[in-house]
Amino acid sequence: MLVLGIETATPTCAVAVWGNGQLVAEQRVKLKNMHAEIIAGMIRQVVQQARCSLEQMSCIAVSKGPGSFTGLRIGLAMAKGIAFARNLPIVGIATLDAIASGIAPVADRIVVALPSRRGEIFAAPYRNLDGQYQREGKITALPIADFRQWSRNIEWVAGPGIAALKEFGIRDKLYLPEIFWEISAAPVARLGARRFLAGEMQDLASLEPEYIKPFYTSAKPKAVTKEAC
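Here the sequence shown stands for residues 13 to 241, where the numbers follow this note's numbering.
Simulated from the structure, these hints should not be mistaken for lab results. A quick note: this is a predicted structure, and the numbers were derived from the prediction, not measured. Virtual Cβ for every residue (Gly too), placed ideally from N, Cα, C. Hints are not guaranteed to be accurate.
As the list claims (entries may be wrong) - Simulated crosslink set (EDC-like; lysine to aspartate or glutamate; CA at most 20 angstroms straight-line):
| # | residue 1 | residue 2 |
| --- | --- | --- |
| 1 | Lys92 | Glu212 |
| 2 | Lys185 | Asp120 |
| 3 | Lys92 | Glu67 |
Said to hold, decoys possible - Per label pair, the in silico range of CB-to-CB distance:
| # | residue 1 | residue 2 | range |
| --- | --- | --- | --- |
| 4 | Arg206 | Glu148 | 14 to 20 angstroms |
| 5 | Asp184 | Ile50 | 25 to 31 angstroms |
| 6 | Phe81 | Arg147 | 18 to 24 angstroms |
Required output: the full structure, derived from the provided sequences and hints.
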């Protein structure tokens with residue numbers, strides 16, 4: 013079984029081939045706003061490195077968000093195009109789930125965080141179950157100002173959102189170094205293989221990026237209209 017994994021939710025563009033329970037080949041390039049220009053070539057090179065063809069893939073796995081609006085669109089379009097042209101099944105993998113799945117357990121519970129728009133962050137709690145982190149509940153988008161209260165019962169934080177949390181001044185957390193949670197297409201492909209074996213494929217036409225709206229603990233102020241002046 014071979015699975016092609018595509019990760020474009022962050023400035024890192026990554027492609028991997030997963031087969032027989034291990035990583036066969038992978039490429040990662042961190043270039044902001046360059047995904048559209050480089051992803052097709054990266055796929056060709058990774059498939060060549062794996063000494064296989066796209067026709068030999070059992071399924072296509074792609075990061076479905078949250079993350080960069082443009083990046084997710086590019087990755088989904090490429091993955092869906094490959095799947096459609098070769099009549100292959102496809103599965104979308106949540107970005108934070110992919111990050112969490114590649115982390116060796118350091119505590120019973122952790123939070124994985126990803127930067128959103130200015131002043132906001134995507135986050136989700138994960139629990140160590142049999143040596144792997146499994147998500148508890150939904151992925152949330154929230155103001156960084158609310159993160160400390162939202163994550164009050166969890167000490168450890170992993171993911172690209174750490175920089176934004178530190179910049180905001182949240183220092184009472186244990187931040188996992190980047191070497192332990194690198195952005196990669198390998199966990200996307202690995203989770204895709206697991207979903208494929210479980211028969212959890214998705215409909216090609218309905219698979220879309222997941223843009224998660226921010227949650228506010230208090231009502232946002234209403235815009236003042238001309239009529240109200």
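Checked hints:
Taking the CA atoms of Lys92 and Glu212, the gap is about 16 angstroms. The hint holds against a cut of 20 angstroms. Distance restraint check for Lys185 and Asp120: the Cα-Cα separation of roughly 15 angstroms lies within the 20 angstroms cut-off, and the hinted pair is therefore satisfied. Taking the CA atoms of Lys92 and Glu67, the gap is near 14 angstroms; set against the 20 angstroms cutoff, the hint holds. At about 18 angstroms, the CB distance of Arg206 to Glu148 agrees with the hint of 14 to 20 angstroms.
Between Asp184 and Ile50, the C-beta spacing of about 39 angstroms breaks the proposed range 25 to 31 angstroms. For Phe81 and Arg147, the hinted distance range of 18 to 24 angstroms is satisfied, since their beta carbons lie about 22 angstroms from each other.
Of the numbered hints stated above, the single one contradicted by the structure is hint 5.
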